[in-house]
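In case you want the letters, here they are:
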Amino acid sequence: MSDDTSATDAAQSEEEGAPSGHDDNAGAGIRFGAIVEESLGDTVLHASVEQYLHTATAAHADGFALLVDLTAVDFLTYAGTRTLPDAVSAERFEVVTSLFNPQRRERIRIRVQVSAADAAVASMFDLWPGSELLEREVYDLFGIEFTDHPDMCRVLMPDDWVGHPLRKDYAVSSIPVQFKAASNIR
Amino acid sequence: MSTVEHDTADADAAEMATGHSVSRVHRRGDDSAVLRMSEAEAAQIGNDPSTYDDDERVLLNMGPSHPSTHGVLRLMLEMEGETVRRSKPVVGYLHTGMEKQAEQLTYLQGCTNVTRMDYASPLFTELAFSLATEKLLGIEVPERATWIRMLMCELNRMASHLLFMATNGMDLGAVGMMIYGWREREEVLRFLEKVTGLRMNHNYIRPGGVAADMHDGWEADIERLLELIPPRLEEYDILMTGQPIWRERLQGVGALNADEALALSATGPILRSTGFAWDLRRDDPYLAYPEVDFDVIVGSYGDCYDRYAIRLNEIRESMWIVEQILDNMPSGDYRVQDKKVTPPPRVRIDQSMEALIHHFKIFTEGYKVPEGETYAAVESPRGELGVYMVSDGTSKPYRMHVRGPSFINVQTMPHLMQNGLIADGVAIISSIDPIMGEVDR
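Residue numbers (my numbering), protein chains in the order written: chain A, 1 to 186; chain B, 1 to 441.
Hint data in this document are derived by calculation from the structure and do not stem from the laboratory. Fair warning: this is a prediction, and the values are worked out from it, not measured in the lab. It is possible that part of the hints are untrue.
In silico EDC-like cross-links for lysine to aspartate or glutamate, where the CA-CA straight-line distance does not exceed 20 Å [said to hold, decoys possible]:
1) B:Lys396 - A:Asp169
2) A:Lys168 - A:Asp148
3) B:Lys339 - B:Glu103
4) B:Lys396 - B:Asp424
5) B:Lys396 - B:Asp350
6) B:Lys361 - B:Asp338
7) A:Lys168 - A:Glu50
8) B:Lys100 - A:Glu106
9) A:Lys168 - B:Glu371
10) A:Lys168 - B:Asp338
11) B:Lys361 - B:Asp350
12) B:Lys368 - B:Glu354
Calculated Cβ distances over 12 Å to all of chain B for the following chain A residues [to be verified]:
13) Ala87
14) Glu106
15) Ala119
16) Ala120
17) Asp126
Think of the CB as a built atom: it goes at the ideal place given N, C-alpha and C, for glycine as much as any other residue.
Next comes chain B alone, as it looks inside the complex (with noise of 0.2 Å):
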C-alpha cells in the first residue's frame, strides 16, 4: 500500500447533492445505528423483558468488564438472533475529572496530568499540550528539542501500535501473537525509559522543550532497535497478514466510507482506512515533519483488515522517520533558554540567592501565561489530538480541553457494527483501538 490521492472534491459535491438525508451516519430515529437508549430504560429492560416491545428482538449488555473491551466499555445491544441491529456505547467508569484537574494544576503541573490520559502514547498528549502553551507564551523551541520530541513521539507511535497488534491478536484468537506484540513493545519501552525515566506516563515533553537531553550513546540503543524490530515485522506478515483465517475474519467486517468517517469525525487510522489520505503531520504540520520524508498510509475498503495494515505499516513508517531523525539530529539545547519558563540550572543554585528564588517561584507558583486561547493538534496513533486551551493571564489554565481521537472514534462503533454478527463485533471495537484513558479522562 502506498499514498494515493482522495478526490475530497467529488466527495463533497456528492454530500451536498445529497444534502443529509440519505446517509445512514446521519440517520436520527429507529433506523439509526445508535440505539439512542438511556442506561434506565435499558435497566428497566433487563428486570422486566417483557416490557420491550420488539418481539424480535432482545437488549444484551456487553462489558463494562469484558475481556474484549479495552478495558471499561460498555456497549448496549439490540440483538436480532446473533445480528447487532443496533448499539450504544456507553463511557464514563473511567472518568476522573481531569480536565477539572488541569484547572487546579499550574502548566508546569499539567504534564504530569494530561500523560495519564492515553497511556498508550502518553507523549501525544503532553506534545499537543506543550505545543498549545508555546503558541499562548509565544516562545520557539530549539530546533534539538523539536527533533527529540519528534523522535520520541515516533518510538512511542511505533510502541502503541505494536500493542495494537498484541490486543488485536488476542481479541481475534491469535493469542500468540498478544506475547510477541507486547515482547516488542518493550522493546521500544526500554529506550523510552532510558530517556525519559518512565515505562509510560514520562511527563517528558514539557512548555519549553523536553525534560532531560538524550543520554549518551542513544544512537547505538536506536540502532539496536532498528535491527530487531523488522524481522518481527517480517514474523507478523507470516503469522497474521497473509494468513486465509486472519483474512477471513476482518475483511470485510466494520466497513465505512470516505464521508461516512468524515461525518463522525473520525480520524487517524480509521478514516484512512477509508481511502481519505489525512495526516495532520503532513496535512497541518508540526515540529519538524516537513523536513521528513514518509507515506501517508492509506487503505480502500475501510474495513478492520484495513485498519490492521495501516497500523503495521506505520510502524515501518515510524521506523523510516525514526531513521532519518537519526542522521539529522542536530545540536543544541534540548529547552528553551527562557528564564520565564526554565528554571535555573542546578549550579546556578548554590552560587546565587536570585537564582534559588527563582527556582522555587517556577516550582510553587509556576510561570504566568498570557491570556488568550489556542488550539493546537498533533496526529497521534488514534487521530488527530487537539488541546483547546484558554488562558487567563495566570499560573494555570483557565480552560484545558482535550480532543481525544478515542472518545469520538468511540461513535463510530454503531454503524460499523450494525448488521453484523456479535463475533465480529469484537473484531470492530479492537480495530478501532480505543484507549479508555482518553475516552474517559
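For reference, chain A alone in the conformation it holds in the complex (with noise of 0.2 Å):
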C-alpha cells in the first residue's frame, strides 16, 4: 500500500473518528488517525479529544501492550510560544499517554489537548487497566474528568480537599495540615 493511500485511509478515518488499523506508515504524519510529530527523537501522536480513544484503540490493537505514563500539563502560564501542528489547536490542558510495544521496542506518546471549559476526556481503563491510579492522579491534581473510569475520585489529596494543586492558578502557599475525618476513626 502507497503512503497516499493509507494516508487517505487514514484521514478518512480521521474523520468519522474510527481506528485505523494502519501502523506501517509512521513516517507519513497519520498514524491510527492521529498526526504524527518528532519531538527530540521520541514519536508524538497528536490525537483530539474524541479521537483519543480510537487512536488509543488502534494502538493497543497494534501491540502497544504497556501503558507506561498518563499526565497532563496545564498551559495556562506558559511563557514560550507553543508549537504544535496545524491543525492541531492549543487548548489549556493537555493529556499526555505515553506507550510502550514490548515486541518492536518502540515508544510513542499520545499528546490530547482539552479545553478548561469541558475538561473530560475518555478513560483508558479498559485498554490498560493500569491507567487507573495514574487518571485519579491526573483527576486529582489537574481536575481533568476521566469518562467511563471505574472510580473517578483523588488519590493523593484528601477527598474534601478543594481545588486542583498543579493548576497554574493554584498558588504555592502554605497550608495547615488537614487530617482526613479525625474525629470518625475509630
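Fit the two chains together into the complex; they arrive one by one in their own frames, and the hints show the way.
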C-alpha cells in the first residue's frame, strides 16, 4: 500500500472517528488516525479529545501492550510559544499518554488538547487497567475528568480538598495540614 | 535462573482474541479485586457496621501506621473470615506536592527535590531527571561521567535490593535477616557516602554530569565491597532461599501472569517475575549499558518467591556490572565543559570578574533550557522510572512529572491479594517493595 492511500484512509477514519489500524506509515504524518510529530527523537501523536480513544484502541491493537505513563500539563502561564501541528488548536490542558510496544521496543506518546471549559477525556481503563491510578492522579491534581473511569476520585489529596494543586492558577503556599475526618476514626 | 525468551507474539494474540472481558484485571464491578469504595463510605461503615449490606463480609482497615506497610500505605480490605476478597490501597499520606515544588526550583536545584522521592534508590530519580534535562538542552555528557553514573546506580541498586532483603525477611518473621540486610546495605552506603558526601538523598547526578569525581583509591573500596558481599549473599541463600519455611511461605503466594502484569503497567521485578524479560537497561538502553554484559533475571511463576529470588540475583548481576565498570572506567572529565550549564572552576573565580558573575548567575538564576517536551526513562530497582519534562524556555521546568514505579506497582496489590489469606497480604506488600516517598511524591 502506498503512503498516499494509507494517508487518505487514515484521514477518512479520522473524520469518522474510527481506528485506522495502519501502522506501517509511521513517517507519513498520520498514524492511528492522529497527527505524527517528532519531539527530540520521540514519536508524538496529536489526537483530539474525540479521536483519543480510537487512536489508543488502534495503538493497543497494534501491540502497544504497556501504558507507561499518563499525565497532564496545564499551559495557562506558558512563557514560550507553543508549537503544535497546524491542524491542532492549543487548549489549556494537555493529557499526555506514553505507550510502549514490547515487541518492537517502540515508544509513542499521545498528546491530547483538553479545553478548560470541558475538561474531560475518555478513560483508558478498558484497554490498560493500569491507567486507573494515573487517571485518578490527573483528576486529583488537574481536575480533568475521565469518562467511564471505574473509580473517579482523588488519590493523593484528601477527599474533601478544594482545588487541584497542579493547575497553574493554584498558588504555591503553605496550608495548615488537614487530617482526614480525624474525629471519625475508631 | 537465567534469561529466557518470552513469547510476546502469542501473549498479544491471546489478548487480542480474548478482548478485555475475560481478564480479571479488567473487571469493573463487584467481581473485581479492587474495592472501589470511597474513604468516606468506608468510614461510614466503620461507624455503623450494620449499614454494610453483606452479611458474610467485613471491612477491615490496615494501616497507614502498620509495621508491614513500609511507611504509610493504608489498605481497605474486604474480608470473608481470614480471606481477602477485595481491597483498595489508599495512598497520599506522604504527599508533599513535589511535582508542584519542582516548578518553583531551577534545573540545578531540581535534583535535590527529586532525590527525595524514592529514598531507597535516590540516584535513579536524579539520573532520570538529569537525562530529561540533558535531552532538552541537547548536551552530551563525557564518557567518564556516564560510567560514573552507571557505577553509582548499580551500587545503589545493590543497596536498594539489600534493603528489600532486610525488610522482606522482617515482614515474614526472619528477624535476623533484618539486621543482615541492613548491615550489607550499610557497607554499600558507606561507599556512596565517600563519593557523594551523603548516605541518602545524594544530589550527586546532575544535569551535565556528576557533582564530583571519584575519590582517590575508589577502586580499592569497590574491590573490598565485591569481596565482602558475595559470601554474605551465600549466607542469605542458607538462611532463606533453600529454607522449607521460607519457600512454604512465599511459593505460589500472590501470583500474576505476564498479560496481567503488562495490563496493570507493572514493571521491574514484578513484570520479570512473570517470565517476561523486560529490563530497560537491555530493551531501551541508556548510559553505556550496551557496553557491559549482564543477564536479565526472570522468574516463571510470578509469585512472591520469584520476586524475592529475582532481587537476590539482581544484586549478583549488579556486582558483575560493577566489576566490568571497574575494569573499563574511562579517564576524562566528570562533567560536561559547557559554559552554559557548568560553573567555572574555583580558581577562575579569584582571577576573573566574568567568571565570578558567571558562577553567580548559574547558582541564582540558573541556566535557561530550550523549549520542548521530553520523556526519559531508566530502570530503577522497582521498575521503569521516567521523567516527563516540559520546558517553556525559562530556567525552571514548566512541568516535571515523575512516573514512579512504586506508585503504579501499588495497583497490582488488590489482584495479588484476592482470595488469599490476610497473613499472605503482608508477604505480598513486602514483595511489591513500594517506597511510599515515591508513591505519594
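Evaluation of the provided hints:
| no. | hint | in the structure |
| --- | --- | --- |
| 1 | B:Lys396 - A:Asp169 | holds, 17 Å |
| 2 | A:Lys168 - A:Asp148 | violated, 26 Å |
| 3 | B:Lys339 - B:Glu103 | violated, 24 Å |
| 4 | B:Lys396 - B:Asp424 | violated, 45 Å |
| 5 | B:Lys396 - B:Asp350 | violated, 29 Å |
| 6 | B:Lys361 - B:Asp338 | holds, 15 Å |
| 7 | A:Lys168 - A:Glu50 | violated, 25 Å |
| 8 | B:Lys100 - A:Glu106 | violated, 30 Å |
| 9 | A:Lys168 - B:Glu371 | holds, 18 Å |
| 10 | A:Lys168 - B:Asp338 | violated, 32 Å |
| 11 | B:Lys361 - B:Asp350 | holds, 16 Å |
| 12 | B:Lys368 - B:Glu354 | holds, 18 Å |
| 13 | Ala87 | holds, 19 Å |
| 14 | Glu106 | violated, 9 Å |
| 15 | Ala119 | holds, 16 Å |
| 16 | Ala120 | holds, 19 Å |
| 17 | Asp126 | violated, 5 Å |
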